[in-house]
Amino acid sequence: MKRLLPIIAVLLALLTSCQRSDYEYDDTPLGNLDALWTLIDQRYCFLSYKEEQLGFKWSELHAKYSAKLNPSMSRMQLFEVLCQMLSELKDGHVNISTSLDLGRNWSWKEDYPENLDRELRDQYLGTDYHIGSGLKYTILPDNIAYVVYESFSDAIGEGNLSDMLAYLRLCNGMILDIRGNGGGELTNVERLSQRFTNEKVLVGYMCHKTGMGHDDFSEPKAEYINPSKEIRWQKPVVLLVNRSCYSAANIFVRNMKEMPLVTVMGDQTGGGSGLPFSSELPIGWSVRFSASPSFDAKMQHIEFGIEPDVPCSLDESQAAEGKDSMIEEARKQLQQQ
Amino acid sequence: MKRLLLPALLLLSVSSFAQTELEPVAERKPTASSFLLGIGGTNQLDTYLSPMEYTGTQVSFMTQSERMTHLANRHISFQSTFFGAYTSTDNPAETATYTGARLAYDAAWHYNYSPFRNFNLKGGAMIGTDLGFLYNDRNGNNPAQGQFSMDLSLSAGADYSFSLWKLPMQAHYQADLPMVGLMFCPEFGESYYEISQNGVGHDIIFAHLGNALSLRQLLTLDFCLKRITLRVGYLCDIRQSNARSLKYHDISHSFMFGFVRHFQLMKRK
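If you're matching them up, the sequences are chains A and B in order.
Residue numbers for the first sequence follow this note's numbering, so the first one is 5 and each next one is one higher.
Residue numbers for the second sequence follow this note's numbering, so the first one is 1409 and each next one is one higher.
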């Protein structure tokens, strides 16, 4: 029995020892930077792509930013250093959320003209437009349907879509204006996309990280849009976009690019093709990062946006006359078809 | 009372039954049924949700019934355990909270052996299933993690009867060690959207001692006060997994208290 006791003790110790986290860092400036750097190093899905496109080396950034730390720095100072490090990624899906501020890099829209005047857009909608959950729509004088969808976070039901398309069925074409749409739910993207095709369409691919290595990814899985079983739109569509079309709106543009009767018009979209995950730091701040990349139908990255079929921008002189040059261009295009 | 072994313990308080159409006494199956409530501390880690360990409180209940069967010359007992727990834990900075719940059912068959008076050893196999979730109140696209497992476990324990302050008492100890089974585990960065597209079956994986080393230990003491058998105890429940580069653990230590009922199952003739 005496011989067995050490064996039993070791077995019990093994059995009761628990899995420890991979991120055992102190709540110090350096501990938080270590935790953030490791989190991105292991879980961020665009690291290799961004290193190639933006010319930085993530492995070198730890030393660069840890040199800016000191043990007595304030929380705000630490926040700024951590945000600077994350800004190197130029990703709108990468944020630090604190009670102090939201750390962000919105250069994907802030560095470009907005190409949207909301007051002007409201003039086209008028006052007697319809509201179907998140969709606003009306019929313009030249019998063109004008639909505004400002956020994919605004739920749209099948009933909303069917009623809208039934109301607009006699129009010659549709302008679907998603300028300023910063994204939302992918289920709304799929639901709306399904109204613009009569056949199953390959729209892109998606994968996710399977391990901590920079290039540990699952096999890309093809994404298809199946036609809706309800009313579907059968006429030309101009999809108006700008740099603020991000995340789910970017995915919607990707989908609509593959639809036969759709023309994408406006500026390049903002991008944001990584489905974000949340995590956190020892200090308690929440961190969001891109975890699962999406690609277009040709397996190309769309993280930095999608180019329109017809480039077009808002003309300030026409705006002064009460005209949205992008909507006007879309109307011309639809009248010619 | 000193001669109490497990079967005898089960007869500590036997209800009276009415009578004539029931099966013969020799064929009756003495059953001990316990109902326990628990409260304790827990430590949770789920790297799908957060790299931080969360600590807090667990409240739980456990109902357990045990009876001897006719198998192996009445040496094999059958034990049925239903366990439920609710947890609320915070991250170290207390800026986020996990809310969790678990329901588990286990069925075990033990071979009972009495090496000496008042002492019973038992060992056998257990099958069980576990279903639960862990919800983080501030995560965006990965706010919760589902938990599911089915295990085949080794189960062993001991019962010891004694008297203290002229009160008959019995101490029980049981340890359950899952050996093989199935468990739900998403891939490292797999999103809900992809899980729904790929099907949950894609994320049911083989569990074994190498990737899901877990252990449940329950130590209890039964004692009679008047006609009631009370039970107090300590439950140490360690659930762990390390698969697909994701780590999970839920380690709880609970004080359990409740009562035991002893009765006989009888079939009508």
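To be clear, the hints were calculated from the coordinates, so they are not data collected in a lab.
Built from N, CA and C at the ideal position, the CB exists for glycine as well.
One or more of the hints may lead you astray.
[Said to hold, decoys possible] Estimated spans, in silico, between C-beta atoms of each pair:
(1) A:Arg79 x B:Leu1529: 10 to 20 Å
(2) B:Phe1490 x A:Gly35: 54 to 64 Å
(3) B:Phe1541 x A:Gly215: 18 to 28 Å
(4) A:Thr42 x B:Phe1614: 25 to 35 Å
(5) A:Lys302 x B:Asn1619: 37 to 47 Å
(6) B:Phe1556 x A:Leu174: 49 to 59 Å
(7) A:Asp158 x B:Ser1604: 17 to 27 Å
(8) A:Gly215 x B:Tyr1568: 27 to 37 Å
(9) B:Phe1541 x A:Thr42: 19 to 29 Å
(10) A:Thr42 x B:Val1467: 26 to 36 Å
(11) A:Glu114 x B:Arg1546: 19 to 29 Å
So, going through the hints one by one against the coordinates:
no. : hint                             : result
1   : A:Arg79 x B:Leu1529: 10 to 20 Å  : 58 Å, violated
2   : B:Phe1490 x A:Gly35: 54 to 64 Å  : 43 Å, violated
3   : B:Phe1541 x A:Gly215: 18 to 28 Å : 25 Å, holds
4   : A:Thr42 x B:Phe1614: 25 to 35 Å  : 29 Å, holds
5   : A:Lys302 x B:Asn1619: 37 to 47 Å : 38 Å, holds
6   : B:Phe1556 x A:Leu174: 49 to 59 Å : 52 Å, holds
7   : A:Asp158 x B:Ser1604: 17 to 27 Å : 21 Å, holds
8   : A:Gly215 x B:Tyr1568: 27 to 37 Å : 49 Å, violated
9   : B:Phe1541 x A:Thr42: 19 to 29 Å  : 27 Å, holds
10  : A:Thr42 x B:Val1467: 26 to 36 Å  : 35 Å, holds
11  : A:Glu114 x B:Arg1546: 19 to 29 Å : 26 Å, holds
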